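Asks: In case you want the letters, here they are:
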Amino acid sequence: MKRKTALLCWLLCRICGIYAQQATDSLSVPPDSLTKSYSLNEIVIVTKTSINHNRQTKPVSTVEEYLQSAEKVSLIKRGSYAWEPTINNMATERISVTIDGMKIFHACTDNMDPVTSYVETINLSKVKVGSGFEVSPNASNNIGGSLDLQLNKVGFCCEGWEVNANLGYETNGCYRIAGADFAFSDSAFYVNSGFFHRNSENYLAGGRKEVAFSQFTKHNFFTNLGYLVGKKHAIEATLIYDRASDVGYPALAMDVKTAEGLIASLSYRRENLSRLAARWETKAYFNNIVHIMDDTGRPDAAIHMDMPGKSRTAGMYSLLEGRRGRHRYALNWDAYYNRSYAEMTMYPANPAEKEMFMLTWPDVRTLNTGLFAADEYRFSEHHAVRLSSKWSLQRDGIHSDFGLNTLRIYYPNMAAYRNRLVGNVSGRYQLRHGSWEASAGAGYGNRAPSVSEAYGFYLFNTFDAYDYLGNPQLKPESSVEAKVEAKWAQNPFIVKAGASYFYFTGYIIGKPDGGLSPMTIGAAGVKVYENLPHASMLNANLSLKSFFMEYFSWHGRIAYSRGQDDKKGSLPLIPPVSCETSLALKKDRFAAEIAVLGASRQARYSAEYGEDETKGYVIGNISAGYSFKMRNVIFNLKSGVENVLDSCYSTYADWKNIPRKGRNFFINIGINVL
Amino acid sequence: MKIKNFTSVLLWAVITSVAIASCDKNNDEEQPSADPTEGLAKIQEFSAPESPYTVTLYNKTGRLQLGYTKVYFAVTDKDGKFIDNATLSDFPEMDMGMNMKHSTPRSAITKVEGKALYEAYYAFLMYSGQGNGKWYYDLKYTVGNVTDSISDAEIEVRNVFRPDDTTERKVIQSVKAIDGSEKRYVVTLVEPQKPQVGANEITAYIHERQDANTYPAVENFTLKLDPRMPGMENHSSPNNVDLTWDATKKIYKGTVNFSMTGYWKLNLILKNQEGTTLYGNAVEGETEASSLFFEVEF
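So the sequences go chain by chain: L and X.
Using this note's numbering, read the first sequence as starting at 1 and increasing by one per residue.
Using this note's numbering, read the second sequence as starting at 1001 and increasing by one per residue.
Don't read these hints as lab results, they were simulated from the structure.
Just so you know, these numbers come straight off a predicted model, no measurement behind them.
Among the hints, a few may not be true.
Residues from chain X that keep clear of chain L, each with C-beta distances beyond 12 Å, as calculated [unchecked claim]:
#1 E1045
#2 D1079
#3 S1128
#4 K1170
#5 S1174
#6 R1228
Between beta-carbon pairs, the in silico distance windows are [what the hints assert, rightly or not]:
#7 X/G1275 to L/K475: 36 to 42 Å
#8 L/K475 to X/R1158: 36 to 42 Å
#9 X/N1281 to L/Y347: 27 to 33 Å
Ideal Cβ placement from N, Cα and C applies to all residues, glycine included.
With the hints as extra help, turn the sequences into a complete structure.
Replies: Given below as structure tokens:
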């Protein structure tokens, strides 16, 4: 709640463009009604462009904890590390995640490393959440939405030095957090750099039951550099190195030895290029992810296996933004090349026997290049229309002969490569009148199958205990989206309601193939990805906020979702009715919050996809924070209790019903030296 | 001017590349090899006393082994000249002592088309030393009006192992039909010799054992195929093709698919023309393997 209040304040006092931009100032956009209307759903999480994590309940939270507060974002948990974000209840395959516009793809065939796990909040200034086809110029193959994790570049604006340190400790799991960073900037040069460390032992679920294999360690290092040539040409570079090690996944059969990500970019930016182009940025980037699984710690492993995965992406984009008259527009060209490779070596119980080797991602190469265009036209103070479209050509296929020969067992006539055209077109009408804001939008788009869906080979899913086989003959999945949103704000109330509906054609999902023999020991069978004729998804939410007695605010939210396949059966990982409510106090440098979260029983679960009924739950959190200044040092203290009643619960999004953290006391100290 | 330059460069590039390409083509043309045994490894030399000719046994590996072994014979005169109009016949025999002797299924020795070389295959039922036995070899060859023969030359047939070099690998099986006919058959795996992940051609021979020394090839039977990985809860692969008689190549042929490397058991069911099961059983339920199977490990 406090966070949201802060966010709102931030939005009111700072201008935010269609595309969040650092140098907004240079655009000198007046704070008009239209841009503010974007607060409805697009810019969900914002921090100051410089480093300040103190607006969050937990200033040293992970990116996933951070994302949790976003309205349309949920997180699938397989342990206490690397949660998988979903938008509109659609996971990795149906959303696009970019880091400052850079494409990056996970390297684990079992989704143990969503790309959000390779960055830290300290690396980021904000996360832009787009619902459906909207917003992100560099997104592609997105149906459910897009996340753009925007980097924390200090910029050329601020003069001088700034040093920050953050320390955190949580009792549950003996979780230790430490980070430090510095920033230096003047009008022609900036650098900011930092380091972050996390280490947690196994956590305790409610009732003080230890969840084995839930430990993790993480290190993160980042540097951003910027140099202004002749006051007009900005050259910027970013380097992030992130390494997680000894990560346990209680919901899976394996853990992770190391997950390493190297993210690098070099960009050229030009502000005020011409009357038509207010901003032009071209960036070249490269990222390399290496993910090494490890089952040597598992006493019950039926067979020991090595499963390394690699994902390497190089790409480029060139984005032009401008405004003229009543138009605000953006044009973008992007291209990327990804190589996804994963192998599996199994060591038989009989050591004399040869090890078994296969490629689970057979060196899949994807080349994608696309054009994006968007325009927002403001008819008047009250009405605006926004249209955007992106179309990409994608060529993907199998580079490895070994892998191709393997998949040809199942698809004798398959071609090594195939070309696809993927894209979307969407439009939105916005109205703002008095206390009312409303918008209605519609879009159509499609996506290519993901690497696993098209080319994955015998990927075991612990959720439903099936081996999954990719299908290179899948057709693109397409979706029509319709959404409406309304907001009424009149002191002291803010009421928001929204709904979105997706109708899919060719929805991609795995279906059992009784003719195939499973490979994983103990697997129930083999599922092959196929296109369902149709499926649908509905998400609706209502939230209410009220301010009273000067220092208090109250927030309540209820959300409903429904996902159905072509036979009216439930789609997996769709939440039941969920609510949250919180009461916050903020007076001067003191802030406190009591929050209650809960969900109803998940009655509409999908047994076919391994789900079972999840019980309803209610948990409570309490937190308090105080900040004070001593000379030029600002101290921020935050502490609180999560899951106060120590309930043992799990949600629809917990893989194999792994229980969540029990009672947890946390304390964070932020030190900011100006 | 610029365009003109560019055109000249382009022309130069085209001419050069054509020239280079044609050079390559010349280089690629192989000179016909004078030695027909090139690329083959010698196994053993046979020469009858006083004979003007020597017969040398070759194959790709330089050794005879249990199960299917393909061999080549080269007949040379005293000057080392390769003779291309010889006729050869042979008789391998296993002697296990106590008057227990038998031969093994094999083909006739025939001329290799276009080469001064002769070919044959054996389906060795036993390896040298098995049951304390030894293999002896009789060979008769005729060049023009000269006929010579060798008898009881000892040959070495090696056992076939799995990659650990100690466990025997099943590549041939001698069975007694379970249809009541009491007939005996020998089923021999030929390909894949170098298995790969993906689709592999699988070939086999079926011979009927009429007596210890007579093993005619049997045509038009079927070998139903079910490849499994015992180490992976009997994982199997789809789209395998049963082995059926290929009248042109005179061999049983099918397709075996390996979804990964490792140890595979190729379970088989032997059926006659009428589809009656002669040997082997389906892998289902508690039955983890057929009584008729081959092993492949890579």
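Asks: It remains to establish, for every hint, whether it holds in the given structure.
Replies: Okay, the hints, checked on the actual structure:
For X/E1045, the condition that its CB be more than 12 Å from all CB atoms of chain L holds, with the nearest at approximately 36 Å. Against the 12 Å criterion, X/D1079 stays outside the reach of chain L, whose nearest CB is about 47 Å from its own CB. Non-interface call for X/S1128 relative to chain L: holds, since the shortest CB-CB distance, roughly 24 Å, exceeds 12 Å. Every CB of chain L lies more than 12 Å from the CB of X/K1170, the least distance being 15 Å, so the non-interface label holds.
Distance to chain L confirms X/S1174 as a non-interface residue, since its nearest Cβ pair spans about 26 Å, more than 12 Å. A beta-carbon of chain L comes within 12 Å of the beta-carbon of X/R1228; the shortest separation is about 8 Å. For X/G1275 paired with L/K475, a C-beta distance near 41 Å keeps the hint of 36 to 42 Å intact. For L/K475 and X/R1158, the hinted distance range of 36 to 42 Å is not satisfied, since their beta carbons lie about 54 Å from each other.
One distance hint, 27 to 33 Å for the beta-carbon pair X/N1281 and L/Y347, holds here, with the actual separation near 30 Å.
Checked against the numbered hints listed earlier, the structure breaks hints 6 and 8; every other hint is satisfied.
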